[in-house]
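Engineer: Chains as they are written, first to last, in our numbering: chain A, 358 to 618; chain B, 167 to 534; chain C, 22 to 317; chain D, 57 to 433; chain E, 42 to 288.
Some hints here could point you the wrong way.
As the list claims (entries may be wrong) - In silico contact screen, one side only, chain A against chain E (beta carbon under 7 Å); selected entries:
id, residue
1, N416
2, H454
3, S514
4, A544
5, Q569
6, L571
Claimed, not checked - Just the calculated beta-carbon pair ranges, DEER-fashion:
id, chain 1, residue 1, chain 2, residue 2, range
7, A, R532, C, L101, 36 to 46 Å
8, C, R306, D, G237, 45 to 55 Å
9, D, S304, C, L101, 22 to 32 Å
10, D, S304, C, N77, 14 to 24 Å
11, B, I290, E, M150, 13 to 23 Å
12, E, L250, A, R507, 34 to 44 Å
13, B, L198, E, V164, 28 to 38 Å
14, B, L195, E, M150, 23 to 33 Å
To be verified - Pulled from the structure, derived: some chain C residues nowhere near chain B, Cβ distances all over 10 Å:
id, residue
15, L108
16, W152
17, G158
No lab work stands behind these hints, which were simulated from the structure alone.
C-beta atoms are modelled at their ideal positions from N, C-alpha and C, and glycine is treated no differently.
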Amino acid sequence: MSARSEPGSRAPQSRTEAALLEPILSVEDLSVRISGLHILQGVSFTVAPTGVTVLLGRNGVGKTTTLRAIVGLTPPAGEVRGTVRMGAQSLLARPTHRLVRGGLGYVPEDRCVFAGLTVAENLRLAERRGTSPAYDRVFALFPELDRRGRQRAGSLSGGQQQMLAIGRVLLNDNRLLLVDEPTKGLAPKVVTEVAEVLERVAESVPVLLVEQNLAVVRRLARDAVVLAAGKVAWTGDARELLLETALTKSLLGVGSAEVSH
Amino acid sequence: MTLLDITPAPAPTSPRPGRVHRIRPFLPLVALVVLVILPYSTISLPGIFEGPVNSPGTLQLLAICLIFGGLAAGYDLLFGRTGMLSFGHALYFAAGVYGTDILVTRAGLPLWQAALLTITGGTILAALLGAVALRTVGIAFAMVTLAFAQVGAILVARDFGGLTGGEEGLPLDVSGLPAGLVGVTNTVNLYWLALAYLTLVVFVVHRVSGSPTGRVLAGLRDDERRIGVLGLDPYRYKLVAFTLAGGLASTGGVVYVLIVGGASPHITSSELTLSLLVMVVLGGPGTRWGPVLGGVLYMYLDHRLTAFGTSDAVDNLPAVLSHPLSQPLFVLGTVFILAVYFFPGGLTSLAPRLSHLTRSLKPRTPPN
Amino acid sequence: MGTVILLALTGLGLAALYFLVASGLSLVFGLADVLNFAHGLFLGVGAYGTWWAAGNLPGAGPDGFGFVFAVAFGVAAGTLVAILVELVLIRPLYSRTIEQVLVTVGLSLAGVALLQATWGADARPFPRPDWTRQVTGILGAQVPNGGLLLIIAAVLVLGAILAFLRWTRYGLVIRAGVENREMVTALGIDVRKAFTLVFAIGGAAAALAGALGGVYFGTVSPGQGSSLLIFAFIVVVIGGMGSVVGSAYAAVVVGLVQQFVNYYGTSGLGDICVVGLLAVVLLLRPQGIAGKVATA
Amino acid sequence: ATACGSPQDTATGGGDSAAPVKVGLVYSQSGALASYGKQYIEGFKAGLDFATKGTGKVGDRKIELTEVDDAGDPAKAVSAAKDLIGKGTKIIAGSTASGVALQVAPIAAQNKVLFISGPAATDAVTGANKYTFRSGRQSYQDVVTAKSFIGDSAGKKVVVFAQDGAFGDANEAAVKTVIGGAGATVSSVRAPASATEFTPFASQIKAAKPDLLFVAWAGTTAPAMWQSLDQQGVLSSTTVVTGLDIRSSWPTFGAAGTKISFLSHYFDGASDTEASKALKAKVSTIDLFHPDGFAAAQMVVRAVQEGGDDVDKMVTALEDWSFDGVKGKMTIRAADHALLQPMFQAKLTGSGTAFTATAQKSLTGDETAPPAVAMKG
Amino acid sequence: MLATRGLTWRIGEVAIVDSVYLDLAPGEFLGVIGPNGAGKTSLFNLITGLRRATEGRITLDGQDIGALPPHRRARLGLGRTFQASSVFGSLSVRENVRLAVQAHRGGSMALWRRAAADREVAVAADTALDRVGLAHRGTALAGTLAHGEKRKLEIALLLAGEPRVMLLDEPMAGVSAEDVPELVAVIKSLTGDSGRAVLMVEHHMDVILELADRIAVMHHGALLACDTPETVMANPTVQEAYLGESL
Ligand SMILES: Nc1ncnc2c1ncn2[C@@H]1O[C@H](COP(=O)(O)OP(=O)(O)OP(=O)(O)O)[C@@H](O)[C@H]1O
Ligand SMILES: Nc1ncnc2c1ncn2[C@@H]1O[C@H](COP(=O)(O)OP(=O)(O)OP(=O)(O)O)[C@@H](O)[C@H]1O
Ligand SMILES: CC(C)C[C@H](N)C(=O)O
Ligand SMILES: [Mg+2]
Ligand SMILES: [Mg+2]
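Kindly produce the complete structure, drawing on both the sequences and the hints.
Structural biologist: Next comes the structure, spelled out in structure tokens:
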């Protein structure tokens, strides 16, 4: 990884500028109930067609639930209302595998590598018909995956599994990536690496990211959506959020000093 | 399904929720009292039972249903509450049936001795085989228990020394039995015996699952490794559950042989274990009343469908329908399949849904 | 010497029958994680399909090409039933193992009863080429041709299934799907199709076993499938779940043990030995002969 | 209508001399033995017609039949019997399966009702108790018929091939007493009833070189068993005797069919009696277990005629009674209620699906009489 | 009190944990860091008995525990949390903790006593829940908790067992920033009372630095260093192999 640009010099389009572009994803009044619990209560936000939009919030506010609702993975006991559009296309009624083939990549929270399959098999599974898989891209990012091709994914360490989970998605070209807490459980060095990877990925593909590590958020995110109690509590420019102590304090419960450790 | 028709329709003037709540803990007791005095009633429920409730045929059918309700509840201690899928539970039931039968008929022991010996023997058998089988987990455990049960089935079928009567079974010699247990007129006593057995099992299972041990069993069901790391020996707890369930099953066998008046080899078959599993799933695993309901319903259908199949109503249907419908097993199988789609989670899942329905039907009364 | 060869070859014939039944079971049970108690039904459909075709379908018959055609019809019927079962009954129930048990048990009861309602409880003579009733002299042993036919069929089926798993992505998809269906979908794969396919193949293997079992037994009867099922389950488990090669090994062991013990030991000992073998294998190696060690 | 009663209430059989007589028929309408059950009930109805001369009445009293399916399960049969007895039924007949017969018989004795067992072949029903009779043949009679195939048994070598379990045990024991008692050396080869591959057993038999092989095998694996015996050359090297099962099973013998000597309980054309003509008129082709039902009906009518509602009188009326049944002259032996009856030797001719049976010889009831046993209850 | 001597775990030729010598003194807080796949979780598995070491010894208070099954080690005072939350999904949060308390109180085999009637257990359980801030979730089924809540429940289960040696496997992973300080406080309080020792794997360096008395660094299964935070952080290999450039 080459020298990294200063946070300020990343030439982000301003939020107003980005808003002029059609959002790649728009979520309107999304409601999710699971076995009687009203988990999301009318969530609306948009994801800009470039860069990283980050979804923030305390444990249990429904970030994962939001991502899963978008890719159509709400458990059978759940009930989803509202609209989710990618471009002109409405997503909610379509089966997950169609959405994914249509270019919606999803990296789940708990990694979900196939424990019984080898690393190579996990990757092979992610190949999509009719496209050539970008193995070099993946192996350049995670040489470990190349080396451990024959190991069962279940015996990988936590961090290695995370690499595999991200690697699987990067094998293909996507129109939008949904990534749920990719740096959870990773060594600091790998966190940096993953952040860099996502940064580079985000140059070509928009990313909707759920992340608890505010350092990563600060580095990557341009737009932020903050959830609280099943509703959107704040949307806006991510750096604005992170720089305003009052805002971070009230929305995320941390002072900005802790943000920039 | 006649049985479903009698589920009470939501009454328009149902008591206030508060009151229901207060009598709720006593409902099982009320049910028990009703069941105890049931034989004093001469109500006829045409279509549901052949004769009046106090006729020997009906009492016999009810007794068998109750036994299997208890058996299923005992099996649920393993399956629904501890998460152990045993495919050999029939063995311990069969040990109860054949043990009593052989000791009474071949060895001429008095019933109480035979019963005591059998229950002790069945429990020890469960403890020994469980001690071996529990070295495995999951499907391997299921198969090892199946293997043991198969050996039992083969031994019964081989009819060593003419002890078991092979495929013909062994009728119970009633000459040494207490007079109150013999003869059609005394069927009511067998019914009460079966009811006592069911009550015993439900009470034991309830107490055990509410006990500290029961809590560990529930934990085992979710994550055995975690139990170990908390400092509890999973093996010991599983063995306790296995032995207890085995003992309850043998006890059921003792009562069953009295009710049916003999042993026949199909009770040793893996199909019986499978039926127990079906009963539990049908009713709702891990629930207090689910397995009992499942067991009772299963046996009721199993016995009554033969009558249904030969009834005029079926005979008068066109052949495409009447042929399959006159096969009891066809109807039974179809009921299972439908049950999965209409009562996912078992029959007991019906109760909350019904009450949900009542609530939504009831006009909202302003709170005061 | 002749006796040993005879016992070995007929034992292999029996093993082949077990394997044919077990292979489909192993696929469905080991790969799709469905404890399919209705497997015996697919067997029955295959057997009755063949029987019916040989008697009623123009072009089909008990001999030569007509027989091949009849078997093909039986296999097609079994496959179709398996597909329908998967689509209608099993599909909504993946990952609800317990309810699957209820449905497949229900299905096996209802299905067998339906066969009985349609064609009666009695065994019917099975149409088969005359040569299958004859014997071939091998090193002084009179080996039944029916058994040899089973051996050949079993080897072909084994090869075909292995090729399917090795050369197509389906094996992978299915293995992954068993672990986490959602995630397979999230990789853009229609996992439902793959599972239907597994059922279809399992059904086809079972139906073939039913048809060839008919040749072997000389009759069809409604309960035939279920009676073979318990040994098939044992074979699958000894071999290791989902390992078709393991099932093949296990079938050979079980077939030979039964045959030799039944000859040299006392009656019934063969079955007890097989069941004992099952217990011993599982206690020593809970994952079966060819199963992989599961790690946390 | 809620009513209260005593928990031990059972209906009492009406002493009314014009009230219908209730007869309960507990047999297999479904399950593996459904076809045996079907023959039994057809035979019973024809027999009832025959014995009541088409009126369905004995004197002024109508015979009222209640049919209950036991599906071959003794537990269901016992429930049904208790139900019937509770409703005042004094006569129960049926029992397609031996297990059912053995478990219903004690119920009859405990409650003092008449029980007439059906096709169940087990010897143990004979002499079971005072209230139990049988309307079919028993295994012992099969074996005596088998013995008739070898003439003088002295010094002959006989092998019994039978399945494990009580049916096999009974046959083996019977062969040992009947043929072994007459001087033959009897040995046995046993196989599990669930066996599917018979070559090892066939080779054992072949190696034993018997003069007579007696096969006692019931169930769906029989065709595979015959094929193995044929393939290993057993059928062509010795006399093989077995019981002739129902017609629908004949084609399953395949090529083996013509090489076997059959003992037969009954087949269409085995006898030419009044009863058989009456039966044939009703069912067109008589099969194995039609005569059992027919005889049961004749016994029921006799019991009601002589005994009215008194079961003990019925028992006396039946004991030592001889009558002309489908098979010929039948006698109920008083000592143990064995039903002495003619048995037949038969041969199958033809091939494929078109076998016909022809009688070779018939044995009288006395010739095939089993030794009397002591009444157990 | 806890010591490993040449602890090694091999799979085939590969040493996943490679001759680890570790000493944990009473009251000590030892942080374990290392790249992903270094063998930290595996080391925990060896110590708690979920895996059997191929070589080496593990002693607790001088007693060799290397041959004991997991539950015996737990009874000797060894407790742990899991990297991937493993809670009893079908039990309520409160039941989860009660079970842990009960295990700690001697693993009663009572079949007839009513568990719910045991006030002491209930009180201890509620205290543990309170400490991790999950008291309000007591009736929820553990399986339906959000990820971060499960992490807290893991710690509550550990607390309930009052172990003397605690092994924490990445307790902070996935915990929202807001809750980190709270949880850090909880963990800090663990060692506050006398004699308890903690071994904690964590990738959040700030948390490690705040809590740990010493830091052990694992790499390729071996112990690279085990020293004071300052020394370890200054170690160039650690910088290069683990920390990388900070964000
Ligand atoms: N299947 C389910 N059944 C019941 N409740 C659920 C289910 N899935 C999630 N929930 C509940 O929904 C809420 C939101 O969960 P979700 O996983 O979306 O949170 P999150 O924001 O991703 O939290 P975290 O930061 O801990 O990952 C939680 O309270 C959780 O308990
Ligand atoms: N059963 C196994 N078979 C093969 N390799 C294994 C097995 N178990 C663990 N490993 C390997 O051992 C190494 C150590 O794994 P471990 O889970 O202990 O790492 P860790 O230090 O906890 O990593 P992380 O910080 O990512 O959780 C990894 O490379 C892993 O792939
Ligand atoms: C010898 C045969 C007539 C046997 C007959 N199938 C029976 O079991 O009763
Ligand atoms: Mg989440
Ligand atoms: Mg780890």
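Engineer: Run every hint past the structure and note whether it holds.
Structural biologist: Verification of the supplied hints:
no.: 1; hint: N416; result: holds (3 Å)
no.: 2; hint: H454; result: violated (25 Å)
no.: 3; hint: S514; result: holds (4 Å)
no.: 4; hint: A544; result: holds (5 Å)
no.: 5; hint: Q569; result: holds (5 Å)
no.: 6; hint: L571; result: holds (6 Å)
no.: 7; hint: A:R532 to C:L101: 36 to 46 Å; result: holds (39 Å)
no.: 8; hint: C:R306 to D:G237: 45 to 55 Å; result: holds (53 Å)
no.: 9; hint: D:S304 to C:L101: 22 to 32 Å; result: holds (28 Å)
no.: 10; hint: D:S304 to C:N77: 14 to 24 Å; result: holds (18 Å)
no.: 11; hint: B:I290 to E:M150: 13 to 23 Å; result: holds (18 Å)
no.: 12; hint: E:L250 to A:R507: 34 to 44 Å; result: holds (38 Å)
no.: 13; hint: B:L198 to E:V164: 28 to 38 Å; result: holds (35 Å)
no.: 14; hint: B:L195 to E:M150: 23 to 33 Å; result: holds (29 Å)
no.: 15; hint: L108; result: holds (14 Å)
no.: 16; hint: W152; result: holds (35 Å)
no.: 17; hint: G158; result: holds (35 Å)
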